[in-house]
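*Asks:* Please model the complete structure; the sequences and the hints are all you need to start from.
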Amino acid sequence: MTARVDAAPYWSGEPPRPAEAEGRVLFASSVGTIFEWYDFYLYAILAPFFAGLFFPPGHQTAALLGAFGAYAAGFLVRPLGALVFGRAGDLLGRKHAFLVTIAVMGLSTLAMGSLPTFASIGHAAPVLLVVLRLAQGLALGGEYGGAATYVAEHAADGRRGRATGWLQATATLGMLAALVVIGLTRSRMEAAAFASWGWRIPFWLSVPLLLIPVYVRYRLAESPIFQRMQAQGEGSKAPLVESFLRAPNNRRVALALLGATAGQGVVWYAGQFYALYFLLIYLQLDFVTAYWLVGIALVLGTPFFMVFGALSDRIGRKPVILAGCLLAALTYFPLFKGLTHLLNPDLERYQTHTSISVAASDCTLHVFVGPWSRLSACDQARDYLNRAGLSFASLPRHGQDEVVTRIGDRLLVGFDPQTYRAALQATGYPGPPHPNAFGKIVATLILWLMVIYAAMVYGPIAAFLVELFPARLRYSSVSLPYHLGNGWFGGLLPLLATAMVAAAGSIYQGLWYPVVVAAATFVIGAVFLEETKDRRIHAEHAGGMTDASLR
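Just so it is clear: in the sequence shown, position 259 is 738 by our numbering, and no numbers are missing.
A couple of the hints might just be wrong.
[Stated by the list, open to error] Derived DEER-like restraints, expressed as beta-carbon distance ranges:
1) Arg725 with Val1006: 16 to 26 Å
2) Lys816 with Arg866: 13 to 23 Å
3) Gly910 with Val778: 29 to 39 Å
[What the hints assert, rightly or not] Below, in silico cross-link-like pairs of lysine to any residue (SDA-like), each with a Cα-Cα straight-line distance of 25 Å or less:
4) Lys1012 with Val1002
5) Lys919 with Gln830
6) Lys816 with Pro912
7) Lys797 with Met785
8) Lys919 with Lys797
9) Lys816 with Thr833
10) Lys1012 with Leu805
11) Lys816 with Ala982
12) Lys1012 with Ala635
13) Lys797 with Glu1010
14) Lys919 with Lys1012
15) Lys816 with Ala670
16) Lys919 with Ala670
What the hints contain is simulated information worked out from the structure, not anything from laboratory work.
On a predicted model such as this, the values are computed, not experimentally measured, just so you know.
Note that the Cβ used here is the ideal one computed from N, Cα and C, for glycine as well.
*Replies:* Rendered as structure tokens:
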């Protein structure tokens, strides 16, 4: 059964859209998008496991930063994918562009799961890892704009937020699917086996999962609005030039980025991915507990993507998105500190009663580790403390000593891991955390609240972007600000936040990044952004702002 809807009725006015046909379109678009997000998120979730396999050994934080750097490369290239596939979607059709993206994503993920390690092929391993991440980023850059445009152009006015809200939930469902597959794989293997090769299994499973969405999307009909434009010769001949180099559309793109998608991107990644990393890396939580807590929060929070999408049909896209940005900016610090208090109170008490400082002048932030990297004693000392989830003060160098670390009343000169371990034990450093049931329940509610913030900013965003731009430029114009906001502002969050923690010595330092971006988005959006929910997108000029509406 296909999702074909006759194009002729769309040539004038707002046609009736049968719920069955609209549902088939939504299912066909969503099943592929879930798969692409599953593939893309596998890397993010598994990075702490395989970071040391593809980068030079000897510095775990640097290896993790290298893995996050490769992860970020996939996000950095997403806007290029948006340009390439957005142009194809505006010239050749929505369907064909996002059919290609899903095939590229699946093949890249399979290759990533089969990639030799650093021990086997040396520095070629991280290079190939980055290349595959670039391919994934290109594919995802073309996926979202196509799926969002396709669904929105089939949805009736007044139901667009609800319809695209379901599409927005597919990203969380893709992450949830990745968590489930990884969790099941890990639970059936010894820890050493999973760390060595078992982490590859979820990547390999992409092959059978790829076949279903490819088949479903192959049978899709083209968007009726695109068919109308082609039939009447209304399509753009140069969608990239018109979208990004000509007013007023280029101003719409800038406002969409700075007043909506930048904040939406950081709220999304802070509340889901960075929260997971925070539990695993800084709070020292075991992976099973961390996955369960985040997984339950995702299950409980996913329906709210549709709820806030539907709410935006009633009260508008702008107030829902900006409220999510403001709430996140105001509450992230207390929420993450609450996680520490609930899940690792012993670590919190230890930090309160034990002062730690690192005095040195030869400290370097290693984002990418290679043959050029020299890991000083300071680098190794700070890495050791970071991996222990400890905050510390950075002080100027003492005399001629390369690094002097004070842990409570213990003074450590130079770096030796056994000496540091002994000092931590002597000063009461706690073992692995064992949170009680009450702590887990309240922590899950905190994580759920972060998912709610993500749902507020993400649920209405597709409807907002589609309504902002005219049909002939829609695929290109929607894709670029979305992937700049999510790919650059949001996708760089794990890398930048981890680097900020490593540089400053505070496990909460990285939160300043999403807080500042979300707050800036709230201010810009509140002042300059116009509401779009009442705009009809089925006539050529009904989908975009006028010059007068751009303050």
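*Asks:* Each of the hints needs a verdict: does it hold here or not?
*Replies:* Now for the hints, and whether the structure bears them out:
The supplied range of 16 to 26 Å is met by Arg725 and Val1006, whose beta-carbon atoms lie about 24 Å from each other. For the hinted restraint 13 to 23 Å between Lys816 and Arg866, the CB-CB distance of approximately 20 Å keeps it satisfied. Range check, Gly910 to Val778: Cβ separation about 30 Å, and the 29 to 39 Å hint holds. With a C-alpha separation of about 20 Å, the suggested pair Lys1012 and Val1002 falls inside the 25 Å cut-off, and the hint holds.
With a C-alpha separation of about 21 Å, the suggested pairing of Lys919 with Gln830 holds against the 25 Å cut-off. Only pairs whose Cα atoms come within 25 Å are accepted, and Lys816 paired with Pro912 is accepted, the gap being roughly 15 Å. Between Lys797 and Met785 the alpha-carbon distance is near 16 Å, which keeps this suggested pair within the 25 Å criterion. Taking the CA atoms of Lys919 and Lys797, the gap is about 34 Å. The hint is violated against a cut of 25 Å.
Simply put, Lys816 and Thr833 have alpha-carbon atoms about 17 Å apart, close enough for the 25 Å limit, and the pair holds. Among the hinted pairs, Lys1012 with Leu805 is consistent with the structure: their alpha-carbon atoms are about 21 Å apart, no more than 25 Å. Taking the CA atoms of Lys816 and Ala982, the gap is about 19 Å. The hint holds against a cut of 25 Å. A threshold of 25 Å between alpha carbons decides the hint, and for Lys1012 with Ala635 the separation of about 12 Å falls inside it, so the pair holds.
Between Lys797 and Glu1010 the alpha-carbon distance is near 6 Å, which keeps this suggested pair within the 25 Å criterion. Taking the CA atoms of Lys919 and Lys1012, the gap is near 39 Å; set against the 25 Å cutoff, the hint is violated. Straight-line distance between C-alpha atoms of Lys816 and Ala670 comes to about 29 Å, which puts the hinted pair past the 25 Å bound. This hinted pair checks out: Lys919 and Ala670 have alpha carbons roughly 23 Å apart, not beyond 25 Å.
The structure shown violates the earlier hints numbered 8, 14, 15.
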